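Protein chains in written order, with the numbering used here: chain S, 1 to 243; chain Y, 1 to 282; chain Z, 1 to 152.
Simulated from the structure, these hints should not be mistaken for laboratory data.
Please note that the accuracy of each hint is not assured.
[Unchecked claim] Only pairs whose alpha carbons sit at most 30 Å apart, straight line, appear in this in silico BS3-like list of lysine-lysine:
#	chain 1	residue 1	chain 2	residue 2
1	S	3	Z	2
2	Y	82	Y	197
3	Y	44	Z	94
4	Z	77	Z	152
5	Y	132	Y	193
6	Y	242	Y	280
7	Y	183	Y	44
8	S	53	Z	3
9	S	145	Z	152
10	Y	134	Y	44
11	Y	183	Y	132
12	Y	154	Y	193
13	S	53	Z	77
14	Y	85	Y	173
15	Z	2	S	145
16	Y	242	Y	193
17	S	78	S	124
18	Y	134	Y	112
19	Y	134	Y	82
20	Y	132	Y	112
21	Y	242	Y	173
22	S	91	S	124
23	Z	85	S	91
24	Y	112	Y	82
25	Y	44	Z	85
26	Y	44	Y	82
27	Y	112	Z	94
28	Z	85	Y	112
29	Z	119	S	53
30	S	3	Z	3
A quick note: this is a predicted structure, and the numbers were derived from the prediction, not measured.
The chain contents come next:
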Amino acid sequence: MKKLFALILTVCLLASMSVTAFAANTTGGSTEVSFNVDPTYTVTIPATVELQKIEDNGTVTYENDYTLTAQAGVRLKKGEYIEVTVASEFKMTTAEGATLDYTITAENATIATGGVVAEFATDKAEQTATIHIAANDPDYAGEYKDTVTFTIAVKDAPVTTINFTIGEDTYQAEEGMTWAQWIESAYNNGGFYSANESVYWGEGFWFILCNYGKTPSDDDYYVNAADVIQANTDYVRVELSEG
Amino acid sequence: MKKITALLLCFLTLCTCSVTAFAAEPEAEETNTVISVTVPDNHKITVTADSARVFYEGVSGEEFTVERLSEPRLLIRAESGKVIKSVMINGEDVTEELHGGYLDLEAVYEDKVLTVTTEDEPVARDDTYTVKGKVTLNGQPLDEVDLELRSTLKTTKTDKNGNFVFTDVEPGKHSLTALRDGKVIGYLSFELKKDNKADVVLLEDGTYTVSIDQNGAGVELHLTLNEEAGTLAPTEIGTIEKADPNSPQTGDNTNLSWWWLLAVLSATCIVALETLSRKKTA
Amino acid sequence: MKKLFALILTVVMIATMSTTAFAANTTEGEADITTSIAPTYTVTIPADVNVQFNATETSFGAIEVEASQIHPDKCIKVELTSDGKLENSIDATKVIPYAIKDSEGAAFASATYLTEGDKTELSIHITANDWNAAYAGDYSDTVTFTVSYEDK
Numbered sequence: 001m002k003k004l005f006a007l008i009l010t011v012c013l014l015a016s017m018s019v020t021a022f023a024a025n026t027t028g029g030s031t032e033v034s035f036n037v038d039p040t041y042t043v044t045i046p047a048t049v050e051l052q053k054i055e056d057n058g059t060v061t062y063e064n065d066y067t068l069t070a071q072a073g074v075r076l077k078k079g080e081y082i083e084v085t086v087a088s089e090f091k092m093t094t095a096e097g098a099t100l101d102y103t104i105t106a107e108n109a110t111i112a113t114g115g116v117v118a119e120f121a122t123d124k125a126e127q128t129a130t131i132h133i134a135a136n137d138p139d140y141a142g143e144y145k146d147t148v149t150f151t152i153a154v155k156d157a158p159v160t161t162i163n164f165t166i167g168e169d170t171y172q173a174e175e176g177m178t179w180a181q182w183i184e185s186a187y188n189n190g191g192f193y194s195a196n197e198s199v200y201w202g203e204g205f206w207f208i209l210c211n212y213g214k215t216p217s218d219d220d221y222y223v224n225a226a227d228v229i230q231a232n233t234d235y236v237r238v239e240l241s242e243g
Numbered sequence: 001m002k003k004i005t006a007l008l009l010c011f012l013t014l015c016t017c018s019v020t021a022f023a024a025e026p027e028a029e030e031t032n033t034v035i036s037v038t039v040p041d042n043h044k045i046t047v048t049a050d051s052a053r054v055f056y057e058g059v060s061g062e063e064f065t066v067e068r069l070s071e072p073r074l075l076i077r078a079e080s081g082k083v084i085k086s087v088m089i090n091g092e093d094v095t096e097e098l099h100g101g102y103l104d105l106e107a108v109y110e111d112k113v114l115t116v117t118t119e120d121e122p123v124a125r126d127d128t129y130t131v132k133g134k135v136t137l138n139g140q141p142l143d144e145v146d147l148e149l150r151s152t153l154k155t156t157k158t159d160k161n162g163n164f165v166f167t168d169v170e171p172g173k174h175s176l177t178a179l180r181d182g183k184v185i186g187y188l189s190f191e192l193k194k195d196n197k198a199d200v201v202l203l204e205d206g207t208y209t210v211s212i213d214q215n216g217a218g219v220e221l222h223l224t225l226n227e228e229a230g231t232l233a234p235t236e237i238g239t240i241e242k243a244d245p246n247s248p249q250t251g252d253n254t255n256l257s258w259w260w261l262l263a264v265l266s267a268t269c270i271v272a273l274e275t276l277s278r279k280k281t282a
Numbered sequence: 001m002k003k004l005f006a007l008i009l010t011v012v013m014i015a016t017m018s019t020t021a022f023a024a025n026t027t028e029g030e031a032d033i034t035t036s037i038a039p040t041y042t043v044t045i046p047a048d049v050n051v052q053f054n055a056t057e058t059s060f061g062a063i064e065v066e067a068s069q070i071h072p073d074k075c076i077k078v079e080l081t082s083d084g085k086l087e088n089s090i091d092a093t094k095v096i097p098y099a100i101k102d103s104e105g106a107a108f109a110s111a112t113y114l115t116e117g118d119k120t121e122l123s124i125h126i127t128a129n130d131w132n133a134a135y136a137g138d139y140s141d142t143v144t145f146t147v148s149y150e151d152k
């Protein structure tokens, strides 16, 4: 039994052991390192909100604010965000059958059923979104209640496409894309590739991509693969001498 | 450990328990309201009389104040040469309710308007008669009482024996009012009729028919005053006989001038003789 | 020695374990929106009234719901309690009978109301015969209106 226990412990230990990697004392090699971080978030939705009576110049309404909270440490993939929507018929009822319509507004805009009430992004700090619920003075007294459903979903950020030109040709990219990302994307339909931090085009004799209006003496004459592609910007292909 | 955990769980549960607070229902409320009314203690009787006078408690007037729910007794008397034609109260004809000139009202519960109309009483211009008699109260003569006879107005006063006399009274409808200190104390409404004998008949309407023996000179009435009712009731009647032209006279009324001349002559002689006698003595 | 070795192994194993926090999928949550509205109402009832002598019918104002916010299964009930006779202030044996009626001419005892604006006009009736038989003096009676919240 002890041996079995020892064996199991050994297997567990081996499974969780980390390996120290020392830098090789050689030149010209590369090591691929990869690891996975899953997205995490916690959104808090209060279970109830009770509308309070408000009297203003003889007009009676029932209102309250309702705050949704994304706890500190929302971590999503780049381009993703948390979207909270609400589903409701916007009608409270009493046990006797009296009804009372109400509205939900977010940033002064009235929300329809299925509408978005909050969006949260990756943030180390706590985030809040407040909506306002309001109803008019009803005909009947009573205990009014409605149950709404909040749906929390992780969404991809909408992609904004930009245009730029290379010579006489017009190309597209996603806003914020680097040349390196663009080369790897489907937007690259012109045979561009990168090497040594530069962007090239064409086989046989090479063209190198340069910023329009710059000269070889300028530091930013050549486009760097790490540069972000600028919208509505002209770029040029400059022919390189063979060899 | 388990106990602590359980305790903590319980505490947590209590902290999150909610109590449904039901809206309190209003309690019943009572409110009092007062209904009030004032019922007046008297009412007015307003008189509109054409050639007539209305008396209440012996006093005539155009407006009387009577106690609520009292039953006032009014005397309605036509002026000379008139007879009552109609009496209306608040538009209702109550002429038939006149009794001997008096109108007894039912319990008064509202203001009343009394309207009296009269018409001319045709005066017979034929024979006239003497109406005389005595007024008594509880069997005793009633003296110094003013009497007014209408239709043609005649007035007199009873003497110490309660006697009175009215002459030249024509047949027809009359009223006799007895007053003391200007206040009506008795009233009699009657019709003087010529008949074969003297008689008194009380009619349903409270008036009397006084029949005169047409061969007599008039009637003598014994009138009994009922102070409470304000009435004069003829309780006895007799005929005043006419004087007989053929009966013995106590004196000679012929050649009356000669008798005057003789009287003067006699007086002159007496004076002359007396004068001569005095001269002799002197 | 074996025990020590086992213990060390256990400690090392525990120290190197990681807890993976997975991101939640699309999730739903419910929230209750509530409000509690207590019933309120305002009912006006007739004020004190002086009846004119000999008036067979006198207006007695109205019972009216001025404001109402009540449960749908409830109503406002107003009941009238009355002796039905005005009593003389000096002699209680002297009375004037009266009746309180609604606009339909029916004797009023109670009524129920639901909403603002609901109303019952009232009047005081004394017959001419009762007036004619009434003794002089001051008369009065106190009537009681009871307003309650009832089931329909």
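Hint check: residue 91 of chain S vs residue 124 of chain S, CA-CA at most 30 Å. Holds or violated?
The hint is violated at about 37 Å.
Take a quick look at whether residue 78 of chain S and residue 124 of chain S sit within 30 Å of each other, Cα to Cα.
Holds, because 14 Å separates the two Cα atoms, which is no more than 30 Å.
Pairwise hint evaluation, residue 3 of chain Z against residue 53 of chain S, where the allowed Cα distance is 30 Å at most
At roughly 70 Å apart (the allowed maximum being 30 Å), residue 3 of chain Z and residue 53 of chain S break the hint.
Measure nothing beyond the straight line between the CA atoms of residue 53 of chain S and residue 77 of chain Z; if it is 30 Å or shorter, mark the hint as holding.
Holds, at roughly 27 Å.
Starting from residue 77 of chain Z, check that the Cα of residue 152 of chain Z is at most 30 Å away, please.
It holds: about 9 Å lies between the C-alpha atoms, which stays within 30 Å.
With a cut-off of 30 Å on the C-alpha distance, tell me whether residue 242 of chain Y and residue 173 of chain Y pass.
Holds - the C-alpha atoms of residue 173 of chain Y and residue 242 of chain Y are around 23 Å apart, at most 30 Å.
Restraint check for residue 44 of chain Y with residue 94 of chain Z, where alpha carbons must lie at most 30 Å apart
This hinted pair holds, its Cα atoms lying about 23 Å apart.
For the pair supplied as a hint, residue 132 of chain Y and residue 112 of chain Y, confirm whether the alpha-carbon distance does not exceed 30 Å.
39 Å, violated
Does residue 44 of chain Y sit within 30 Å of residue 134 of chain Y, going by the straight-line distance between their CA atoms?
37 Å, violated
Taking 30 Å as the top limit, are the C-alpha atoms of residue 3 of chain S and residue 2 of chain Z close enough?
10 Å, holds
Regarding the pair residue 183 of chain Y and residue 132 of chain Y, is the alpha-carbon distance no greater than 30 Å?
22 Å, holds
Are the Cα positions of residue 3 of chain S and residue 3 of chain Z separated by 30 Å at most?
11 Å, holds
Of the numbered hints listed earlier, those contradicted by the structure are 6, 8, 10, 15, 18, 20, 22 and 23.
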